[in-house]
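Asker: Protein chains in written order, with our numbering: chain A, 750 to 814; chain B, 3 to 591.
In short, the hints are calculated from the structure, not lab data.
Take these hints with a grain of salt, some might be off.
To be verified - Simulated pairs of lysine-lysine, BS3-like, Cα-Cα distance not exceeding 30 Å: (1) 341(B) to 780(A); (2) 780(A) to 759(A); (3) 341(B) to 555(B); (4) 4(B) to 768(A); (5) 432(B) to 768(A); (6) 341(B) to 759(A); (7) 107(B) to 4(B); (8) 768(A) to 230(B); (9) 799(A) to 107(B); (10) 399(B) to 780(A); (11) 759(A) to 4(B); (12) 759(A) to 432(B); (13) 230(B) to 799(A); (14) 199(B) to 780(A); (15) 432(B) to 555(B); (16) 136(B) to 760(A); (17) 759(A) to 799(A); (18) 136(B) to 4(B); (19) 310(B) to 780(A); (20) 230(B) to 760(A); (21) 107(B) to 136(B); (22) 341(B) to 768(A); (23) 760(A) to 341(B); (24) 760(A) to 780(A); (25) 230(B) to 432(B).
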Amino acid sequence: MAVNVEGDLKKRFFALGLKEGSSVRVLRRAKFGGPMHLRVGTSELIVRLKDASCICLVPSFASPV
Amino acid sequence: MKRVALLGMPNTGKSTLFNRLTGSHAKVGNWPGLTVELMNARLIVGDQVVRLVDLPGIYDLNGFSDDERVVTNFLDTQQTDLIIFVLNTSQYERQLNLLSQVMAKGIPLLLVMNMVDEASAMGITVDVHGLSEKLNHPIHLLSAKYGQGMERLLPAIRQAISSCPLNDTPLTQADIEQAFQASINVPAQASHALTEKLDRVLLHPVFGLPLFFAVMLLLFEGVFAIGKPLQDGAAWLLAAFRTVALEPLCANLPVLLQGLLLDGVYNGLGTVASFVPLIVLFFLFMGIVEDTGYLSRAAFLMDALMSKFGLDGRSFVMLLMGFGCNVPALMGTRVIRSKGLRYLTMLTIPFSLCSARMQVFVFFIAAIFTADQAPWVLFSLYVISILMAILTSLIFKRQYINNDAFVLEMPPYRFPTVHQMATTSRQEVKHFLNRATRFIVIGVVMVWVLTNFPQGAAPGSVDTWAGQMGQWLQPVLQPIGINPELTIALLFGFIAKEIVIGSLAIIYGQEGGALVHAITQHITWIQAYSFMLFVLIYTPCVSTIATIRNETKSLSFTALAIAWPLVAAWLISLAFYQTATYLQLTYFH
């Protein structure tokens, strides 16, 4: 993944484990355009779509767990 | 006295550790030299006494959030002898950046790896000695929640204070990461199996929301099914104490002083006391919702809707709890760390139709409306309550912008412990009593003076200062159908809505059925509904105001929280009263 944002949001993402090169799993998305539920390493996060829009994911073909 | 600071990211169990260490001795207080309040307590460590400070949880030392500024400021200006850095063991990787920032400060540091219970359940193992050697800092493994490893923490702190090695050449972040990777073994598939299963049900695309509402309803019913009898019981005890002990004791005092002491000061203290059971229960129940991790799930489920109003899912939970009682709900907004979002939530909560206002409505509706109309009238008031909260957030969302990104941790489901919940409840009650008592007692005494002076006027009558105020206010209140008698009741309602009906009994000099009769004689249904609208929307009670002031420490915000509902109440009652009167005159005569 890549994070296309600078400043505080990048720091916050970083502190929650979202940094370039880490692998992310999208667990689910809330209804009606609600936030996404992600897993990075051993942490789980919820991110509003607006804030998630600067995260760029490259699909990996690892077998789903 | 030496100073020890607890530091760490949010959700690392820092406060739980603080509570474990300090028990019930902790207090929130202004920190000398900084204009912030920090939880702190004296702690006996071996042969010396130290002051332990719980710094707010932060993600980054160089960030710009309020909490991050507080911590940076604290470390830069306050002499600190030891930092206890709290780490959530199973999620150590992402906390190392903060750890290396803190290490670079050159302050002696004790690393506490918390939540070892969860880590070992996930199969994570830590080589404490190896890691400690590599980092050149003492390390302690524990579970603050279950008390595991706590007995050896105090000696570790003592040793760290008296002889803490300081690194001559600070480690780089890469060094730190390497040290951790070499000493901690995380199995490839480390995840919370139970959490995954539960989330599949509780965050289900279709059943997630209905389940959430069911949980909220249960919670809400729980607080009131238990809280109401407790509150009534407390009121009964207070009244009994007054009759048995205080009244005979004051019998020889001049009548006026008696009134001041009993109806002013004692009633004020009674008002304060009546909130205690509700606050205890609220925080017990909220403790369950928060400590289990369900609050983050609520945020996830409700966010799509609430973000349109500039709020979030946690605001929704607090708003809903406000329907029970606004006071604990306002205190509960502390879980929201973004100031803008928290203030906006606090501005909307007082519109939640609380159980005290409900009593006024039930009385008026029963007196004025038929049994067929009654449920609909009450329902309409609930709808207006919700609409007012929405309107308020829409109007003020530009002033109180939620500048924090909405990125929340979704902790695994955890069992709350009784110890944890009891500590929180006790702290919240102490907090409320310390801060709100004076404010509430002054408010109650003021209303007592207004409704009992000048001397000789019948208490609560139109001859008192309150009655005169009612007369002066007629130009403003007559257009919304509120007569001088009802104005006095509104003044009483400022103390607590529970006493509005009681005050009407004094004002009209009637009780029970006779009071109902008197009211139907004096007030039309349009006036009654307009009065109810006003009671619904204007200042909930002096305790709510006291709480808003304590929580925000801002006079201007408190003034806004009083002024906006007053203006809105007047405008809406005006619109209703004038329209309804006009329609009735035009079509029904």
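Asker: Take the hints in turn and mark each one as holding or not.
Answerer: Evaluation of the provided hints:
1. 341(B) to 780(A): The given pair, whose Cα atoms are some 27 Å apart, holds under the 30 Å limit.
2. 780(A) to 759(A): holds, 26 Å
3. 341(B) to 555(B): Status holds; Cα separation ~12 Å.
4. 4(B) to 768(A): violated, 38 Å
5. 432(B) to 768(A): violated, 42 Å
6. 341(B) to 759(A): holds, 20 Å
7. 107(B) to 4(B): holds, 18 Å
8. 768(A) to 230(B): Given pair residue 768(A), residue 230(B) is violated - Cα atoms ~50 Å apart, limit 30 Å.
9. 799(A) to 107(B): Violated. Residue 799(A) to residue 107(B) sits at ~35 Å, over the 30 Å cutoff.
10. 399(B) to 780(A): Distance ~23 Å between residue 399(B) and residue 780(A) Cα, so the pair holds.
11. 759(A) to 4(B): violated, 36 Å
12. 759(A) to 432(B): Answer violated: residue 759(A) to residue 432(B) is near 39 Å, above 30 Å.
13. 230(B) to 799(A): violated, 43 Å
14. 199(B) to 780(A): Roughly 19 Å between the alpha carbons, so the hint for residue 199(B) and residue 780(A) holds.
15. 432(B) to 555(B): holds, 17 Å
16. 136(B) to 760(A): Measuring from Cα to Cα gives roughly 27 Å; hence the hint holds.
17. 759(A) to 799(A): holds, 14 Å
18. 136(B) to 4(B): Roughly 27 Å separates the two Cα atoms, so the pair holds.
19. 310(B) to 780(A): holds, 14 Å
20. 230(B) to 760(A): violated, 46 Å
21. 107(B) to 136(B): holds, 18 Å
22. 341(B) to 768(A): holds, 26 Å
23. 760(A) to 341(B): Distance of about 19 Å is within 30 Å: holds.
24. 760(A) to 780(A): holds, 28 Å
25. 230(B) to 432(B): holds, 21 Å
Checked against the numbered hints above, the structure breaks hints 4, 5, 8, 9, 11, 12, 13 and 20 and satisfies the rest.
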